[in-house]
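Enquirer: Whole structure, please, built from the sequences with the hints as guidance.
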Amino acid sequence: MPNAERTSQVSKRGRTGPFWEAMEGRAPMPEAASLLGFELVAIDPDEGSIEVAFQATSRFRNPVGHVQGGFLAAMLDDTLGPALVATLEPGQFAPTLDLHVQFIRPAVPGRITGRGRVVSKGRAIAFLAGELTDEDGVLLASATAAAAIRTTG
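Numbering follows my numbering, in which position 27 of the sequence shown is assigned residue number 150; successive positions increment by one, without gaps.
These aren't lab readings, by the way, just hints derived from the structure by calculation. It is possible that part of the hints are untrue.
[As the list claims (entries may be wrong)] Here are the simulated distance ranges between beta carbons:
1) 267 <-> 214: 18 to 28 Å
2) 233 <-> 276: 38 to 48 Å
3) 262 <-> 160: 16 to 26 Å
4) 231 <-> 139: 35 to 45 Å
5) 184 <-> 260: 19 to 29 Å
6) 184 <-> 213: 33 to 43 Å
7) 188 <-> 213: 37 to 47 Å
8) 212 <-> 185: 37 to 47 Å
9) 192 <-> 139: 18 to 28 Å
10) 213 <-> 151: 15 to 25 Å
[Stated by the list, open to error] As a list, the in silico EDC-like pairs of lysine to aspartate or glutamate whose alpha-carbon atoms are at most 16 Å apart:
11) 244 <-> 259
12) 244 <-> 212
13) 244 <-> 169
Heads up, the beta-carbon is just placed ideally off N, CA and C, and yes, glycines get one too.
Expert: Next comes the structure, spelled out in C-alpha cells:
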C-alpha cells in the first residue's frame, strides 16, 4: 500500500491532531523536520513503530566530510518522538526528557533511514528506542530515549 494511502487509512481510524495533519500534508511540516529532509515511510500507531527517511545534505558535513553527530542525534530524536506521538490522544504531546545516542559508523550525505519504536508507555512517561541506517542498510547510530506525556492547556 502506498505510504500516503496507509497514513490516510490510519488517521481515518480516529487519529487526529497536528502530527497527523502534517503527515497527511494538511499542515506544514515542522521546520526542523524539513531541514532534515524528513519523509514518512511507514507507521503503525497500534504497535508504536515508525520508519522515516532523512536527506542528509552536504551542508551537514563536519570538517572530515561525514555527517556531524548533532544532525544524526536530531534525526534520531525526529524518529523516536513521532513513534510515540502517533500513539497519543488528541491534545497530548511528548517532549523528549533524555536522549542517549551511540554513534556506530560515520555517515555520509545521502538518504538515511530511521526506525523507531515505543518500548514502554505509561500514563506520564514513555521509553523509546531506534536506529539509523544508510542506503545499504548499514547501522550508523542507535538511541534510547525517555519522553514525558503531557496534555496541552
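Enquirer: Indicate, hint by hint, whether the structure satisfies it.
Expert: Right, here's what the structure says about each hint:
1. 267 <-> 214: 18 to 28 Å: The hint (18 to 28 Å, Cβ to Cβ) holds, given that residue 267 and residue 214 are roughly 27 Å apart.
2. 233 <-> 276: 38 to 48 Å: Given a distance of about 41 Å, which is inside 38 to 48 Å, the answer is holds.
3. 262 <-> 160: 16 to 26 Å: holds, 20 Å
4. 231 <-> 139: 35 to 45 Å: holds, 38 Å
5. 184 <-> 260: 19 to 29 Å: Check passed, 22 Å falls within 19 to 29 Å.
6. 184 <-> 213: 33 to 43 Å: holds, 40 Å
7. 188 <-> 213: 37 to 47 Å: holds, 44 Å
8. 212 <-> 185: 37 to 47 Å: Taking Cβ atoms as reference, residue 212 and residue 185 lie about 40 Å apart, which means the hint holds.
9. 192 <-> 139: 18 to 28 Å: Because 35 Å falls outside the window, the suggested range is violated.
10. 213 <-> 151: 15 to 25 Å: holds, 19 Å
11. 244 <-> 259: violated, 32 Å
12. 244 <-> 212: With a Cα-Cα distance of about 13 Å, the restraint between residue 244 and residue 212 holds, given a limit of 16 Å.
13. 244 <-> 169: holds, 12 Å
This entry does not satisfy hints 9, 11, going by the numbered hints stated previously.
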